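Student: I would like the entire structure built from these sequences, with the hints used as guidance.
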Amino acid sequence: GAGVSQSPRYKVAKRGQDVALRCDPISGHVSLFWYQQALGQGPEFLTYFQNEAQLDKSGLPSDRFFAERPEGSVSTLKIQRTQQEDSAVYLCASSISTETQYFGPGTRLLVL
Amino acid sequence: QKEVEQNSGPLSVPEGAIASLNCTYSDRGSQSFFWYRQYSGKSPELIMSIYSNGDKEDGRFTAQLNKASQYVSLLIRDSQPSDSATYLCAVITSGTYKYIFGTGTRLKVLA
Chain G
57 GAGVSQSPRY
67 KVAKRGQDVA
77 LRCDPISGHV
87 SLFWYQQALG
97 QGPEFLTYFQ
107 NEAQLDKSGL
117 PSDRFFAERP
127 EGSVSTLKIQ
137 RTQQEDSAVY
147 LCASSISTET
157 QYFGPGTRLL
167 VL
Chain H
297 QKEVEQNSGP
307 LSVPEGAIAS
317 LNCTYSDRGS
327 QSFFWYRQYS
337 GKSPELIMSI
347 YSNGDKEDGR
357 FTAQLNKASQ
367 YVSLLIRDSQ
377 PSDSATYLCA
387 VITSGTYKYI
397 FGTGTRLKVL
407 A
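Chains as they are written, first to last, in my numbering: chain G, 57 to 168; chain H, 297 to 407.
Hints may contain errors.
[Stated by the list, open to error] Label-pair restraints from in silico Cβ distances:
#1 H/Leu-406 with G/Ser-83: 36 to 46 Å
#2 H/Leu-406 with G/Gln-73: 37 to 47 Å
#3 H/Asp-351 with G/Leu-168: 43 to 53 Å
#4 H/Asp-374 with G/Ala-76: 40 to 50 Å
#5 H/Ser-365 with G/Gly-115: 43 to 53 Å
#6 G/Gly-59 with H/Gly-355: 33 to 43 Å
#7 G/Ser-153 with H/Ser-348: 34 to 44 Å
#8 H/Asp-323 with G/Ala-94: 39 to 49 Å
#9 H/Asp-374 with G/Gln-136: 23 to 33 Å
#10 H/Ser-304 with G/Ser-63: 39 to 49 Å
#11 G/Pro-64 with H/Asn-318: 29 to 39 Å
Read the hints as simulated data drawn from the structure, not as lab findings. Keep in mind it's a predicted model, so treat the numbers as computed, not measured. Quick reminder that beta carbons are idealized off the backbone N, C-alpha and C, glycines included.
Tutor: In C-alpha cells form, the structure reads like this:
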C-alpha cells in the first residue's frame with residue numbers, strides 16, 4: 057500500500073527565501089508528526105497534529121516555522137526567511153493513533 | 297543528560313556474528329520503545345516495538361527491555377552486510393506522544 061510521501065525530495069533555497077514542504081500521510085492515519093534531522097543526529101520533534109488540530113508545536117525552533125493540516129490529511133511545513141541553520145532533512149511521520157510512526161522519505165533542505 | 301542515549305559507534309562485527317545495540321533513557325515513566333533502522337540518505341524504517349519487560353523476538357532481531365535499569369537493547373543474530381546502517385532508539389516518554397530519539401548507533405557488518 058501507499059506509504060507516507062513528501063515533496064519536494066530536495067530543496068535548495070537562498071538565505072531569506074520562504075519554503076514550503078508537503079507531507080501526504082498514510083490514508084486514515086489520524087496523527088501526523090514533523091521532525092528535523094541534522095547530519096549525524098537523531099530526528100528531533102517539531103510539531104504534532106491530530107486530524108486538523110495542532111496539539112503540540114513546542115519543537116518548532118522559531119516563529120519562522122509554521123505548520124498546518126487544514127483538512128486533517130495533507131500537511132505543509134513552512135519556513136519563512138530561511139537561514140543556513142535550517143539546513144537539514146525534514147521528516148514527516150504518520151500514525152493510526154499515537155504509537156508506531158511510519159516515516160516518509162524526507163525533504164533535504166539546503167540553505168545557501 | 298540526554299533523555300535517550302546511544303553509543304554513536306561505529307560498532308563493527310563480522311558477518312554471521314551477533315550485533316548488540318544498547319540504549320538508555322532517563323524518564324522512568326516511559327512506556328513505549330522502538331527500534332528503527334536508517335540507511336544512509338534514507339528515512340527511518342521500523343524494526344520493532346516493545347512495551348513490556350523481557351525479550352521480544354522477530355526473525356533475526358530480538359529487543360530486550362529492562363524498565364528497572366531504564367535500558368533497551370536490540371540484538372541482531374547472524375549479522376549480514378545488508379544490516380550495515382544506523383540504528384535509532386526511540387522512546388515515548390510519559391504523558392506525551394512524541395518520539396524522543398537517541399543519536400543512533402552506526403553498525404558495520406564486515407564481510
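Student: Please go over all the hints and tell whether each is borne out by the structure.
Tutor: How the hints compare with the structure:
For H/Leu-406 and G/Ser-83, the Cβ-Cβ distance of about 41 Å falls inside the hinted range of 36 to 46 Å, so the restraint holds. Remark: the range hint 37 to 47 Å for H/Leu-406 to G/Gln-73 is upheld by a beta-carbon distance near 44 Å. Take H/Asp-351 and G/Leu-168: their Cβ atoms lie about 49 Å apart, and the range 43 to 53 Å holds. In this structure the hint that H/Asp-374 and G/Ala-76 lie 40 to 50 Å apart at CB holds, the actual value being about 45 Å.
Distance hint for H/Ser-365 and G/Gly-115: a CB-CB separation of about 28 Å, inconsistent with the stated range 43 to 53 Å. Taking 33 to 43 Å as the suggested C-beta distance range, the pair G/Gly-59 and H/Gly-355 does not conform, at roughly 21 Å. Evaluation of the 34 to 44 Å hint for G/Ser-153 and H/Ser-348 yields a failure: the beta carbon distance comes to about 18 Å. Checked against the hint of 39 to 49 Å, the pair H/Asp-323 and G/Ala-94 fails, with Cβ atoms roughly 23 Å apart.
In this structure the supplied range 23 to 33 Å is violated for H/Asp-374 paired with G/Gln-136, their Cβ-Cβ distance being about 50 Å. For H/Ser-304 paired with G/Ser-63, a C-beta distance near 31 Å fails the hint of 39 to 49 Å. Distance hint for G/Pro-64 and H/Asn-318: a CB-CB separation of about 37 Å, consistent with the stated range 29 to 39 Å.
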